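Undergrad: Build the full structure now, drawing on both the sequences and the hints.
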Amino acid sequence: MNVFEWSFLAGVLTATAPVLLAALGGLLCQVAGVFNIALEGQLLWGAFVAVVVSDLTGSAWTGVAGAVAATVLFSALLSGPSVALRADPIVVAVGLNLLALGLTAFLMRQIFGSGGTYSSPDLAGLPDLGELGVDVPVLREQSPLVPVALLLVAVMAFWLTRTRSGLRLRAVGQHLDAAQAVGLRVSGYRHGATLVAGALCGLAGAQLSLGNVTLFGEGMSAGRGWIAVVAVMLSGVRPGRLLLACLLFGVAEAFGFRLQGAGLPQQAADAAPYVITLAALVLAAVWRRKATREHA
Amino acid sequence: MSAPVVARRVVASAPVVAVAGALLLTTLVMLVVGVDPTLAYPALVRGALLDGNLEYTVAAFVPTLGMALAFALPLRAGEFNLGGDGQLAMGGVTAAAVALLVPLPPGVAVVLPLAFGALAGGLVAVVAAPLSTRLGIPAIVSTLLVSAPAVSLASYLVRFPLAEPNTGLAQTPALPEAAHLPALGGSGYLTIGLPLIVVLTALWLYANGRTVLGYEIRATGRNREFARYGGVGVDRVAALALAGGGAFAGLAGALIVLGPPHRFVDGALTAPGYTFTAVAAVLLAGARPVVVPLAVALLTFLQVGGQGMEREAGVPSQLTQIVQGLIIVIVAVLATLRARRAR
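In order, the protein sequences belong to chains F and B.
The first sequence begins at 7 in my numbering and counts up one residue at a time.
The second sequence begins at 14 in my numbering and counts up one residue at a time.
Treat the hints as calculated values from the structure; they're not laboratory data.
Quantities reported herein were computed from a predicted structural model and do not represent experimental measurements.
A virtual CB, placed ideally from N, CA and C, is assigned to each residue, including glycine.
A hint or two may mislead.
Stated by the list, open to error - The following label-pair restraints were derived from C-beta to C-beta distances:
hint: 1; chain 1: F; residue 1: THR123; chain 2: B; residue 2: ALA183; range: 15 to 23 Å
hint: 2; chain 1: B; residue 1: ARG22; chain 2: F; residue 2: GLY119; range: 45 to 53 Å
hint: 3; chain 1: B; residue 1: VAL211; chain 2: F; residue 2: GLY246; range: 49 to 57 Å
hint: 4; chain 1: B; residue 1: VAL212; chain 2: F; residue 2: GLY189; range: 57 to 65 Å
Unchecked claim - Taking lysine to any residue and the SDA-like style, the derived pairs with C-alpha atoms no more than 25 Å apart in a straight line are:
hint: 5; chain 1: F; residue 1: LYS296; chain 2: B; residue 2: ARG241
hint: 6; chain 1: F; residue 1: LYS296; chain 2: B; residue 2: ARG237
hint: 7; chain 1: F; residue 1: LYS296; chain 2: F; residue 2: ALA228
TA: Written out as structure tokens, the structure is:
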């Protein structure tokens with residue numbers, strides 16, 4: 007097995023993209039001081055709506071737009087209760103994750119007539135970049151949302167450090183009282199961050215169900231939203247580090263996929279991303295602890 | 014307090030409002046997708062209580078109550094245990110392994126697998142304790158990250174080393190007769206698991222309200238720094254609470270496996286969604302532990318009835334997951350509204 011083949015790197019990028027998009031949303035919420043653990047449900051909801059709309063209209067891009075719009079609406083169920091009414095965001099998010107799981111499985115049966123997995127020739131997937139004339143080995147078989155995700159990392163980094171609104175958002179998250187004292191509308195920034203995170207999760211879901219594959223399966227987010235939450239925790243709210251954390255997950259998933267091809271049981275491949283993510287989280291925490299001790 | 018005042022308080026209490034609100038929204042969902050609620054709800058009640066279905070409801074109540082304790086106990090100490098599935102599966106597979114591999118005399122053949130199941134669940138859960146108390150990784154994330162590989166490991170064990178030979182099915186062989194939970198009644202679905210979990214719940218309620226450890230757990234959950242200042246070994250208490258919660262989950266898994274069909278079938282423990290039904294029930298019960306068994310009974314009723322609704326009225330049973338999700342969100346909103354009014 008050659009880890010340095012182009013196809014392996016392409017597999018890493020494919021596995022990374024949906025997690026990265028969701029994690030960018032999580033990062034935005036974290037910056038604004040909202041602990042968003044509803045990413046898993048939002049990702050699943052986005053993936054579902056993308057497939058439904060693409061199936062109905064025959065256009066993958068309409069599916070993407072539908073997923074973004076529907077997931078923004080869904081994230082209003084988080085921002086409404088937790089920002090406006092100040093309900094516990096963790097409890098609300100636990101409920102929303104369950105709601106997304108039930109709602110997608112329920113509507114899937116109502117709309118497509120059966121549960122499990124849905125795919126159909128009518129279902130339009132996102133085009134490969136190769137078809138659009140991009141001739142770079144790693145990108146040839148990726149959907150256009152993959153470079154978009156990478157670009158958004160740079161955009162987010164620039165916006166958070168170099169623009170007025172980005173700096174204000176950080177102020178809201180870091181020092182609530184100070185932000186209020188200079189007259190910022192704190193809850194406005196938090197609503198905005200949560201809703202934009204919803205849009206990003208919609209993109210993530212569309213990439214998962216129309217980019218990585220062209221189908222919807224019950225519970226197909228399969229923990230990616232939680233991995234995105236961990237990536238946010240690992241990032242120290244820096245987009246560059248967020249990208250690294252998500253790439254780590256992408257490597258784990260692509261590697262697990264290869265191991266399965268090499269004859270290891272599927273369960274090992276399923277477990278690999280979680281084990282590696284947890285190990286990274288623990289190592290980072292140990293390292294941070296050591297660093298703070300040496301400073302002290 | 015006069016009877017009408019009591020009645021008014023019960024009707025206006027958060028759990029009642031939350032369930033009513035969730036059912037109202039669910040009825041709306043039904044109407045939007047073209048399901049007739051006047052067919053669906055009677056089918057739900059029949060599916061849970063009548064036509065001989067009551068014993069399935071009681072059989073599902075046992076693991077759901079176990080999982081409720083698995084979530085509620087660490088929650089008292091301020092730790093979110095969302096990894097119930099992994100603890101449940103490892104408890105189940107460990108109990109099956111002990112029952113299959115160790116020849117035991119009657120009596121011990123039931124007790125030992127249950128004990129090892131609880132132990133396995135506790136060990137899976139307690140991993141989250143040092144991560145939370147020493148490294149600051151929230152248990153809500155670490156329990157979930159540990160859970161997924163634990164489910165995978167149980168699945169691997171049941172498909173390969175413990176698999177029933179020559180069938181190709183992802184299940185263990187039937188457990189020896191001596192390891193079957195003694196039945197209470199004809200069909201075998203009602204076992205001593207029910208009185209066992211009820212007694213354990215009563216013990217937890219007593220320990221939570223009346224013992225030093227229960228007080229220390231609550232103090233740790235309310236305000237960790239204050240509890241530490243008051244001389245509570247908060248790290249130890251948090252670890253105990255997580256381990257205890259995991260042990261209840263592991264026991265729930267063991268009880269499922271030692272009950273009919275007396276084997277570990279891959280996916281059979283996690284597929285019914287006991288973990289999150291239990292999470293919804295505990296959050297619904299809010300700060301009143303005594304209400305937990307009632308909330309579990311209500312949500313188990315909805316869960317099992319939902320399957321009847323699917324059989325009779327053709328309404329996908331996932332509707333009950335929607336109800337549970339809505340209940341959790343509404344409970345969270347009501348909690349903050351009440352807190353604000355109290356101020």
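Undergrad: Using the C-beta atoms of VAL212 of chain B and GLY189 of chain F, is the stated range 57 to 65 Å upheld?
TA: holds, 59 Å
Undergrad: Would you say the C-beta atoms of ARG22 of chain B and GLY119 of chain F sit inside 45 to 53 Å of each other?
TA: Since the Cβ atoms of ARG22 of chain B and GLY119 of chain F sit about 46 Å apart, the hinted range of 45 to 53 Å holds.
Undergrad: Between the alpha carbons of LYS296 of chain F and ARG237 of chain B, is the straight-line distance 25 Å or under?
TA: This hinted pair holds, its Cα atoms lying about 23 Å apart.
Undergrad: Does ALA228 of chain F lie within 25 Å of LYS296 of chain F when you go C-alpha to C-alpha?
TA: At roughly 33 Å apart (the allowed maximum being 25 Å), ALA228 of chain F and LYS296 of chain F break the hint.
Undergrad: Please test the hint of 15 to 23 Å on the beta carbon pair from THR123 of chain F and ALA183 of chain B.
TA: holds, 19 Å
Undergrad: In this structure, is the beta-carbon distance linking VAL211 of chain B and GLY246 of chain F contained in 49 to 57 Å?
TA: holds, 54 Å
Undergrad: Within 25 Å, alpha carbon to alpha carbon, are LYS296 of chain F and ARG241 of chain B?
TA: The given pair, whose Cα atoms are some 23 Å apart, holds under the 25 Å limit.
In summary, the one numbered hint that this structure violates is 7.
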